[in-house]
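2 protein chains.
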Amino acid sequence: MNEVITEIRRAGGRAARKKARQGGAGAGDTGAIWPGVEGGTYRPLSKDDVEKVHRTALDILAQVGLRDATKRCVETVTGTGGQLTDDGRLLFPQTLVEDTLAQTGRGFPLYAQDPNYDLDPSSTRIHLGTSGAAVHIIDSETRQVRNSTLQDLYNMARLADALPNIHMFQRTVVPREIEDPRLMDLNTCFACMAGTKKPIGTSFTSAANLDEAVKMLHTVAGSETAFRARPFLCVSTCFIVPPLKFAEEALAVIETAADQGIPLKLVSAGQAGATSPAALAGAVALQTAEVLSGLIYLNLLNPGHPALFGALPFVSDLRTGAMSGGSAEQGLLMAACAQMAQYYGIPAAVSAGMTDSKLPDFQAGYEKGYTELMSALAGANLIYEAAGMYGSLLACSLESFVLDNDLIGAVMRATRGIEVNDDTLSLATIKDVCIDGPGHFLGHDQTLERMQKDYFYPDLGDRTTPQEWHDQGAEDLLDRARERTRELLAAPLPTHISQEVLAQIKAEFPIML
Amino acid sequence: MNEVITEIRRAGGRAARKKARQGGAGAGDTGAIWPGVEGGTYRPLSKDDVEKVHRTALDILAQVGLRDATKRCVETVTGTGGQLTDDGRLLFPQTLVEDTLAQTGRGFPLYAQDPNYDLDPSSTRIHLGTSGAAVHIIDSETRQVRNSTLQDLYNMARLADALPNIHMFQRTVVPREIEDPRLMDLNTCFACMAGTKKPIGTSFTSAANLDEAVKMLHTVAGSETAFRARPFLCVSTCFIVPPLKFAEEALAVIETAADQGIPLKLVSAGQAGATSPAALAGAVALQTAEVLSGLIYLNLLNPGHPALFGALPFVSDLRTGAMSGGSAEQGLLMAACAQMAQYYGIPAAVSAGMTDSKLPDFQAGYEKGYTELMSALAGANLIYEAAGMYGSLLACSLESFVLDNDLIGAVMRATRGIEVNDDTLSLATIKDVCIDGPGHFLGHDQTLERMQKDYFYPDLGDRTTPQEWHDQGAEDLLDRARERTRELLAAPLPTHISQEVLAQIKAEFPIML
Chain A
9 MNEVITEIRR AGGRAARKKA RQGGAGAGDT GAIWPGVEGG TYRPLSKDDV
59 EKVHRTALDI LAQVGLRDAT KRCVETVTGT GGQLTDDGRL LFPQTLVEDT
109 LAQTGRGFPL YAQDPNYDLD PSSTRIHLGT SGAAVHIIDS ETRQVRNSTL
159 QDLYNMARLA DALPNIHMFQ RTVVPREIED PRLMDLNTCF ACMAGTKKPI
209 GTSFTSAANL DEAVKMLHTV AGSETAFRAR PFLCVSTCFI VPPLKFAEEA
259 LAVIETAADQ GIPLKLVSAG QAGATSPAAL AGAVALQTAE VLSGLIYLNL
309 LNPGHPALFG ALPFVSDLRT GAMSGGSAEQ GLLMAACAQM AQYYGIPAAV
359 SAGMTDSKLP DFQAGYEKGY TELMSALAGA NLIYEAAGMY GSLLACSLES
409 FVLDNDLIGA VMRATRGIEV NDDTLSLATI KDVCIDGPGH FLGHDQTLER
459 MQKDYFYPDL GDRTTPQEWH DQGAEDLLDR ARERTRELLA APLPTHISQE
509 VLAQIKAEFP IML
Chain B
9 MNEVITEIRR AGGRAARKKA RQGGAGAGDT GAIWPGVEGG TYRPLSKDDV
59 EKVHRTALDI LAQVGLRDAT KRCVETVTGT GGQLTDDGRL LFPQTLVEDT
109 LAQTGRGFPL YAQDPNYDLD PSSTRIHLGT SGAAVHIIDS ETRQVRNSTL
159 QDLYNMARLA DALPNIHMFQ RTVVPREIED PRLMDLNTCF ACMAGTKKPI
209 GTSFTSAANL DEAVKMLHTV AGSETAFRAR PFLCVSTCFI VPPLKFAEEA
259 LAVIETAADQ GIPLKLVSAG QAGATSPAAL AGAVALQTAE VLSGLIYLNL
309 LNPGHPALFG ALPFVSDLRT GAMSGGSAEQ GLLMAACAQM AQYYGIPAAV
359 SAGMTDSKLP DFQAGYEKGY TELMSALAGA NLIYEAAGMY GSLLACSLES
409 FVLDNDLIGA VMRATRGIEV NDDTLSLATI KDVCIDGPGH FLGHDQTLER
459 MQKDYFYPDL GDRTTPQEWH DQGAEDLLDR ARERTRELLA APLPTHISQE
509 VLAQIKAEFP IML
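Protein chains in written order, with this note's numbering: chain A, 9 to 521; chain B, 9 to 521.
By construction, these hints were calculated from the structure, which means they are not laboratory data.
Incorrect hints may appear among the rest.
[Stated by the list, open to error] Cut-off 30 Å, straight-line C-alpha distance, at most; resulting in silico cross-link-like pairs (DSSO-like, lysine-lysine):
| no. | chain 1 | residue 1 | chain 2 | residue 2 |
| --- | --- | --- | --- | --- |
| 1 | B | Lys253 | A | Lys461 |
| 2 | B | Lys60 | B | Lys223 |
| 3 | A | Lys223 | A | Lys79 |
| 4 | B | Lys439 | B | Lys461 |
| 5 | A | Lys439 | B | Lys79 |
| 6 | A | Lys55 | B | Lys253 |
| 7 | A | Lys439 | B | Lys60 |
| 8 | B | Lys79 | A | Lys461 |
Whole structure, please, built from the sequences with the hints as guidance.
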């Protein structure tokens with residue numbers, strides 16, 4: 009046995025060196041998993057179900073429509089076949105929806121500042137990362153709940169940068185010490201961008217703030233042309249006040265992003281039972297209709313503009329009205345929305361990993377585990393909220409990132425599935441071992457080879473026996489997580505933006521970090 | 009909002025009273041979930057993959073065969089077309105396998121002492137429960153690791169009895185204080201049977217011990233005829249020493265169960281990379297072949313005898329050789345084996361929820377969450393090891409049962425999926441609300457109705473906001489779990505076996521409880 013382990017460790021070293029020579033090791037490709045593992049083996053909706061949801065969404069858009077469209081939006085949509093009712097509902101006829109959908113942006117990458125971390129959110133390829141607008145930080149050791157800060161946001165961006173299974177970083181927490189919306193938007197964007205070279209995302213409270221941030225993005229990219237060629241920010245916009253009302257300022261953000269060539273995550277976040285139907289199918293249909301309305305408007309402004317399908321029906325606990333991000337119903341809703349996005353051929357942006365728990369405990373583990381797995385197996389291209397979030401998105405935990413990195417690795421491995429071919433079916437190996445061989449598979453070449461290719465090994469997850477664990481001090485997973493987090497944050501600051509560019513930005517913009 | 013909640017609570021009370029009148033409330037049917045929820049929306053293996061695994065299993069049986077068959081087994085199998093090689097391998101030709109499979113037991117229930125808890129493990133209907141042979145109890149509060157006892161086993165049976173989402177109770181821990189195998193087998197069987205009225209399972213170290221236990225089972229059932237009509241015990245037998253060797257004494261247990269009309273769980277538990285191929289597809293093929301060999305023998309002894317398909321490829325962490333029950337690969341292997349069982353139309357018995365962690369912590373939560381979900385979504389009929397197990401089956405935790413009960417509820421709700429029809433698609437409701445209505449769904453009839461039917465509410469899982477949680481004392485989930493466990497164990501002892509019968513058994517058998 010010991011010889012086998014030594015050989016396996018040696019082989020591991022060789023594989024790591026080979027990978028380092030080829031580059032890309034930092035992108036999380038450990039052999040067993042890689043960004044863009046393909047899902048799609050789980051189909052909560054049948055093909056017929058998907059068609060029914062689509063037809064219902066079309067009916068909602070054509071028969072109910074959306075209120076509170078801006079003048080420009082009304083003119084754009086009615087100028088192409090839409091209709092405004094006497095009571096102010098903007099109706100989208102079926103042909104308008106279908107014709108516009110045909111020219112929607114597809115097959116585009118999500119760029120990173122470092123091209124090694126670009127993502128391809130097509131087909132059923134999955135990627136996981138962060139998102140949220142939490143207002144609290146919970147310290148799992150002291151159980152103190154405090155306001156989140158800009159420094160927290162930057163630290164989280166750095167953690168996401170260092171952890172291989174977190175593939176993108178959308179803003180996680182609101183810097184509560186900054187009250188002015190302009191300062192908040194600019195500093196939030198800066199903290200994400202400075203903290204990680206991976207694809208980033210954030211939102212803007214106004215088009216003017218986005219316009220100002222764009223100048224900062226151009227500076228980092230080197231020029232407007234360079235940024236437009238590889239826009240490394242995705243603007244997330246909740247452009248819907250559900251049910252079926254537009255958010256005026258968000259429509260202006262969409263218009264600005266369309267002008268500036270910035271990818272959009274078009275989000276409609278209803279709460280089933282409150283702002284969306286309690287019936288799960290209805291919530292999927294309503295949020296689908298709402299996202300389609302934004303896609304139509306965006307594509308009338310700029311045909312083919314890159315946009316993510318962010319139909320996000322959240323769940324209310326109907327006993328209290330509070331959101332329940334960790335529920336099984338939540339997992340189902342997101343997996344179903346991923347199928348709708350796939351039906352339209354548009355990258356699916358979903359939310360999973362939103363536990364209701366306040367601490368990284370058993371409840372948090374299973375709620376994150378099953379909700380992330382459902383979206384992943386369904387092939388959701390971009391799974392947000394998958395690291396750090398607690399209390400149904402109200403809170404964030406720094407020490408959770410390293411734990412979530414392990415969980416995401418396992419979810420990706422599960423999603424990769426089982427390859428079935430003559431080699432993996434192992435008839436020859438079984439004959440080797442059982443007819444003339446040693447009667448076990450430990451030393452077989454296949455075992456060594458598959459150990460590298462097929463098995464994911466967690467970083468913090470503990471696999472000792474109960475006796476070993478006890479004899480080694482019965483260590484707590486959270487203690488290890490805190491220690492690892494401190495180590496990662498004590499490492500040198502990221503250097504993907506040069507000191508010169510950082511100084512230039514700090515001279516030109518009101519950066520508070 | 010408050011009116012809505014009051015109305016929902018009232019409706020909840022009505023539903024509970026109605027259910028109580030109809031009976032069956034104890035069977036875990038809360039409206040949103042029920043034993044036998046149908047899975048099958050997740051297919052890790054394609055149809056072609058399943059065929060390939062089946063053909064490989066046939067090749068293994070025909071070309072490699074199994075060693076160490078007993079004389080009776082060799083005579084039975086060679087008498088029907090099998091062949092013994094010069095080096096002692098018993099080969100099963102394809103026609104023998106296919107002809108015998110055609111008459112295998114299908115569509116049988118798993119009986120409980122109380123018929124309200126009978127299970128129907130057919131199609132892709134799922135049920136979850138316990139199993140294992142842990143030797144340690146870990147106290148999550150003191151972190152002490154101690155030997156498990158008969159009293160622990162009985163207490164766990166009582167917890168399973170009380171918790172609605174645990175549908176069956178197979179022996180969880182070994183009573184370490186009992187060294188004599190006969191005393192251990194009889195007392196283990198008694199503790200399960202006395203602790204719960206739900207379907208039970210255990211294993212026997214010898215056919216003689218099973219024969220003696222059968223007398224006890226007849227006493228409880230009232231007569232041999234009554235027991236044979238509704239055998240409420242399923243005998244789990246690891247009849248394979250992988251790879252491809254029979255366990256002699258276990259073949260005798262199979263023979264006795266076949267005589268006595270007792271359902272069998274035919275288990276082949278390999279460890280991928282050690283006693284089974286490291287390639288996942290090969291592990292599934294090998295364990296499938298091994299279980300088929302047992303099914304063939306059993307059906308030659310007693311055609312149509314009820315047996316579960318227990319192909320259980322476990323995972324080794326190839327760095328250490330230790331088992332890793334919580335890995336993603338483990339989740340995949342079991343889901344794939346469930347598909348193989350479905351291919352043969354035989355109830356699938358799988359293992360999920362086997363965390364590598366030693367405590368009910370974040371790691372335990374996610375490992376249990378994703379492994380149970382994968383088997384459930386794949387439609388595994390009987391998901392064992394789903395409550396209580398830690399340290400890759402080496403340890404068990406009493407306080408985990410109440411936590412696992414919540415997790416299983418969520419897994420069942422996820423598996424139930426999304427019903428899509430005109431009512432649930434909610435076009436009419438959306439029109440009601442958005443065109444002439446209040447602009448939200450809170451007070452709508454549909455919301456009230458769906459709150460009962462569609463949403464699962466955890467018992468211990470916490471959904472308060474971070475601020476509420478903090479203000480209420482930042483309570484620990486494990487503290488609540490311990491308290492609930494103490495409450496359940498402080499309740500009156502079960503009465504499904506009368507005092508008279510218990511006294512009779514204690515007079516006739518060496519019961520130590």
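Provide an ascending list of the numbers of those earlier hints which the structure does not satisfy.
Violated hints (numbers, rising): 2, 6 and 8; every other hint is consistent with the structure.
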